[in-house]
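Working from the sequences, and respecting the hints, build out all of it.
Chains as they are written, first to last, in the numbering used here: chain P, 4 to 195; chain A, 4 to 194.
Simulated from the structure, these hints should not be mistaken for laboratory data. Since we're looking at a predicted model, the values are computed, not measured. A hint or two may mislead.
[Said to hold, decoys possible] Pairwise CB distance ranges, derived in the manner of DEER restraints:
1. A36/P - P34/A: 33 to 39 Å
2. A137/A - L69/P: 53 to 59 Å
3. D88/A - A106/P: 17 to 23 Å
4. S189/A - K56/P: 40 to 46 Å
5. D81/A - G59/P: 36 to 42 Å
[What the hints assert, rightly or not] Residues of chain P clear of chain A, computed beta-carbon distances all greater than 10 Å:
6. D81
7. T141
8. L188
9. D193
Every residue, glycine too, gets a C-beta built ideally from N, C-alpha and C.
Listed below, chain by chain, are the residues.
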Amino acid sequence: MAISLRKGRNLNLSKTDPSLRHLRLGLGWNANACEDGDFDLDASIFMLTDAGKVRGDGDFIFYGQLHSSCGGVEHTGDNRTGLGDGDDEMLNIQLAKIPREIARLVVAVTIHEAEARQQNFGKVEDAFIRLVNLDTGTELARFDLTEDYSSQTALIFGELYRAGEDWKFKAVGQGYAGDLRALALLHGVDVQ
Amino acid sequence: MAISLQKGGNVNLSKEAPSLKKLIVGLGWDPRATDGAAFDLDGSAFLLKGDGKVRSDADFIFYNNLKSADGSIVHLGDNTTGQGDGDDEQLTIDLALVPADVERVVVAVTIHDADARRQNFGQVGKAYIRVLNADGEKEIARFDLSEDGSTETAMIFGEVYRAGAEWKFKAVGQGFAGGLGPLARSYGINA
Numbered sequence: 004m005a006i007s008l009r010k011g012r013n014l015n016l017s018k019t020d021p022s023l024r025h026l027r028l029g030l031g032w033n034a035n036a037c038e039d040g041d042f043d044l045d046a047s048i049f050m051l052t053d054a055g056k057v058r059g060d061g062d063f064i065f066y067g068q069l070h071s072s073c074g075g076v077e078h079t080g081d082n083r084t085g086l087g088d089g090d091d092e093m094l095n096i097q098l099a100k101i102p103r104e105i106a107r108l109v110v111a112v113t114i115h116e117a118e119a120r121q122q123n124f125g126k127v128e129d130a131f132i133r134l135v136n137l138d139t140g141t142e143l144a145r146f147d148l149t150e151d152y153s154s155q156t157a158l159i160f161g162e163l164y165r166a167g168e169d170w171k172f173k174a175v176g177q178g179y180a181g182d183l184r185a186l187a188l189l190h191g192v193d194v195q
Numbered sequence: 004m005a006i007s008l009q010k011g012g013n014v015n016l017s018k019e020a021p022s023l024k025k026l027i028v029g030l031g032w033d034p035r036a037t038d039g040a041a042f043d044l045d046g047s048a049f050l051l052k053g054d055g056k057v058r059s060d061a062d063f064i065f066y067n068n069l070k071s072a073d074g075s076i077v078h079l080g081d082n083t084t085g086q087g088d089g090d091d092e093q094l095t096i097d098l099a100l101v102p103a104d105v106e107r108v109v110v111a112v113t114i115h116d117a118d119a120r121r122q123n124f125g126q127v128g129k130a131y132i133r134v135l136n137a138d139g140e141k142e143i144a145r146f147d148l149s150e151d152g153s154t155e156t157a158m159i160f161g162e163v164y165r166a167g168a169e170w171k172f173k174a175v176g177q178g179f180a181g182g183l184g185p186l187a188r189s190y191g192i193n194a
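Here it is in structure tokens:
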């Protein structure tokens, strides 16, 4: 039985599932039924050192760069509409390949062209992030984002972080009134 | 080397720091990085008798009552954003001035306006509370609220209590639903 996380809660993944080696982060959402037009949400990961910054652009994984330079994080591809059930975008992580100097992986979702399309997370519903052991297919935890995020266009869904030799996950559910570019700049990515 | 406290553990302060006369209780946290209302953590102290209640409202020291009547507890002032390095709030406990009928001093941390702001300890980055010997400012013990507090909004961090002629400190780590008001009422404050 997967653990349902509340905002702010953390979970020790290594203790919950000692067999965990390959982790899938599945993210999903639906456009509010009253909304017309397509919602193109993009999941991304920032691999951060203790200083809260990436080491280089290879630590930023998004639709334009599907693999981290270390090979530990893979984005399985962009979903442009969020239609259908289940995970809309997925990120696969090989925990052993994450370099030691990376303290945490921040998992964010941004709305593509939010400003031009006048979209925000208040118009998105059923957003979630779930964590699955890729080797066993077992869902370890799930976080449903239930607040009204109507002023936000970039949301940190959660973060995966080291606790000694273990990996933990925290349900964050906080965001920004910015876009992916702003979020990248904030985390030290050199955006052209 | 300071002791990293786990819930339920205790340290004998008089043994850890034989010269201890005055304690500093320090509270720190990272300012909010995302958009939205700032994280405002408040440290407070309750002077309790053997029956677990205050003698009067004056035994509740917080941001609106910065000093106990006997001068034993002084709150050095409210920080509402967590900006800056080091401890964001501090209280001092002058052990010799703690009245004889006070058995223990409970130290709590609450998040201001947590419900309205939909905040809890788990969202606040690097929230901690630590106990130092005021003389030399050597850290004796520390407790991490961001990890252990998780979804709580008010937490009894620990208590400084008498053990014969000595003082001990226990890491309580007990969440309390409802915030500072209900917490104060549970100790007999007419808030």
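task: Test the statement that D193/P is away from the interface with chain A: the closest C-beta pair must be farther apart than 10 Å.
output: Correct as stated: the minimum Cβ-Cβ distance to chain A is 20 Å, above 10 Å.
- prompt: Holds or violated: 40 to 46 Å for the Cβ distance of S189/A and K56/P?
  reply: holds, 43 Å
message: Please check whether A137/A and L69/P have a Cβ separation lying inside 53 to 59 Å.
response: holds, 55 Å
message: Verify this label for me: T141/P is non-interface relative to chain A, using a Cβ-Cβ cutoff of 10 Å.
response: holds, 23 Å
- prompt: Does the claim that L188/P lies off the interface hold, with its Cβ farther than 10 Å from every Cβ of chain A?
  reply: The claim stands: L188/P keeps its Cβ more than 10 Å from every Cβ of chain A (closest is about 13 Å).
task: Mind checking the hinted window 17 to 23 Å against the Cβ distance between D88/A and A106/P?
output: Holds, at about 19 Å.
query: Does D81/P sit more than 10 Å from chain A, CB to CB?
result: Answer for D81/P: holds, closest chain A Cβ roughly 24 Å.
task: For A36/P and P34/A, compare the CB-CB distance with the range 33 to 39 Å and indicate the outcome.
output: holds, 38 Å
- prompt: Taking the beta carbons of D81/A and G59/P, is their distance inside 36 to 42 Å?
  reply: Roughly 41 Å apart at Cβ, these two residues keep to the hinted range, so it holds.
Checked against the numbered hints above, the structure violates none of them.
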